[in-house]
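Start from the sequences and build out the full structure, keeping to the hints where you can.
Protein sequences, first through last, are from chains A and B. Just so you know, our numbering puts 204 at position 204 of the first sequence, and the rest follows in order with no gaps. Take any residue in the second sequence, note its place counting from 1, add 224, and you have its number in our numbering.
No false leads were mixed into what you were given.
Taking lysine-lysine and the DSBU-like style, the derived pairs with C-alpha atoms no more than 30 Å apart in a straight line are: (1) B:Lys244 to A:Lys155; (2) A:Lys175 to B:Lys235; (3) A:Lys70 to B:Lys278; (4) A:Lys70 to B:Lys285; (5) A:Lys34 to A:Lys70; (6) B:Lys265 to A:Lys70; (7) A:Lys2 to A:Lys129; (8) A:Lys166 to B:Lys235; (9) A:Lys155 to A:Lys78; (10) B:Lys235 to A:Lys155; (11) A:Lys34 to A:Lys2; (12) B:Lys235 to A:Lys70; (13) B:Lys278 to B:Lys235; (14) A:Lys78 to A:Lys34; (15) B:Lys244 to A:Lys175; (16) B:Lys285 to A:Lys190; (17) A:Lys70 to A:Lys2; (18) B:Lys244 to A:Lys113; (19) A:Lys192 to A:Lys166; (20) A:Lys34 to B:Lys285; (21) A:Lys81 to A:Lys166; (22) A:Lys190 to B:Lys235; (23) A:Lys166 to B:Lys244; (24) A:Lys78 to A:Lys2; (25) A:Lys78 to B:Lys285; (26) A:Lys216 to A:Lys155; (27) A:Lys113 to A:Lys81; (28) B:Lys265 to B:Lys285.
Interface residues of chain A toward chain B, partial, derived using beta-carbon atoms under 7 Å: (29) Arg104; (30) Asn106; (31) Leu108; (32) Tyr148.
If you're looking for bench data, these hints aren't it; they were derived computationally from the structure. Please read these numbers as outputs of a predicted model, since none were measured by experiment. Even glycine gets a Cβ: it sits at the ideal position worked out from N, Cα and C.
Residues per chain are reported as follows:
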Amino acid sequence: MKVTIVQFPGTNCEYDTQHAFEDLGADTEILWHKSESVPSDTNLLVVAGGFSYGDYLRSGAIAKFSPVMKAVSEYAGKGGKVLGICNGFQVLTEAGLLPGALKRNNGLHFISKHHHLKVINNDNIFLEKLNNNDVVNIPVAHHDGNYYIDNNGLKELYENNQVLLKYTDENGENKNPNGSVDSIAGICNKEKNVFGLMPHPERAMEALLGSDDGIKMLQGFLEA
Amino acid sequence: MIKAIVNVSLKAGVLDSQGKAVHHALDSLHFNGVNDVRVGKQIVLSLDETNREKAITDVTKMCEELLANTVIEDYEIELV
Chain A
1 MKVTIVQFPG TNCEYDTQHA FEDLGADTEI LWHKSESVPS DTNLLVVAGG FSYGDYLRSG
61 AIAKFSPVMK AVSEYAGKGG KVLGICNGFQ VLTEAGLLPG ALKRNNGLHF ISKHHHLKVI
121 NNDNIFLEKL NNNDVVNIPV AHHDGNYYID NNGLKELYEN NQVLLKYTDE NGENKNPNGS
181 VDSIAGICNK EKNVFGLMPH PERAMEALLG SDDGIKMLQG FLEA
Chain B
225 MIKAIVNVSL KAGVLDSQGK AVHHALDSLH FNGVNDVRVG KQIVLSLDET NREKAITDVT
285 KMCEELLANT VIEDYEIELV
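See the structure below:
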């Protein structure tokens, strides 16, 4: 199992992501944004969190024209599995690989804390280790995490079971930290091979550090 | 040379939380006659192009591809 992690100027979660997947037994490689191809032995491509190109204009707006993104699109187009975490999610929406967009948080503040999430659809490789309605505790750290999609788009997401995770309290009751439409924290594409979420499962790998719920999430990819 | 002014703002119906915060601040300064505030951004481009029609076409393409995210934003182009 080989996990390739994309690195832009400003990415800062690539080593956490690498550590998390290596802990789970995967081989990893960090792929600089100037690369024009994805290593052929890649089983999962992760667009990691942090920032990209200063996030000038909009988060992820410049990154989508980076050489590596053409390779990422081609990889996804052939059915390759892609996971975007935080800034990676923003980049994937900007690149059109996932529907919708991430706006500035409604409260305008950067939010950095543990947050509970409820599993909405587990019929995909990402969340198959979890059950629907399971509640996990995963850190969030974002300024632009306010997921927006228009009503038609939202309807389509529900019809195709593309809504993966929602923000809740510890009992699974709705709790919305940033103003996201329907408290959506993570989605996938129609084909269910491209995944994006604002929370950071790679930061929830050790109970000692607050939560190890990220293990069950990332493991799904390794056993697929 | 043509100068193009591009105004990008959130679409009507998409909540503008920055606009709301500014509106609130204006209220607390007792500027009471303000009904709505929308915060956008302005991008000013100096173009080599001299044909205005061509300039509009080019800048529209720039907006669609990069300057605006049309999922959430509208843009207006003005040539000066």
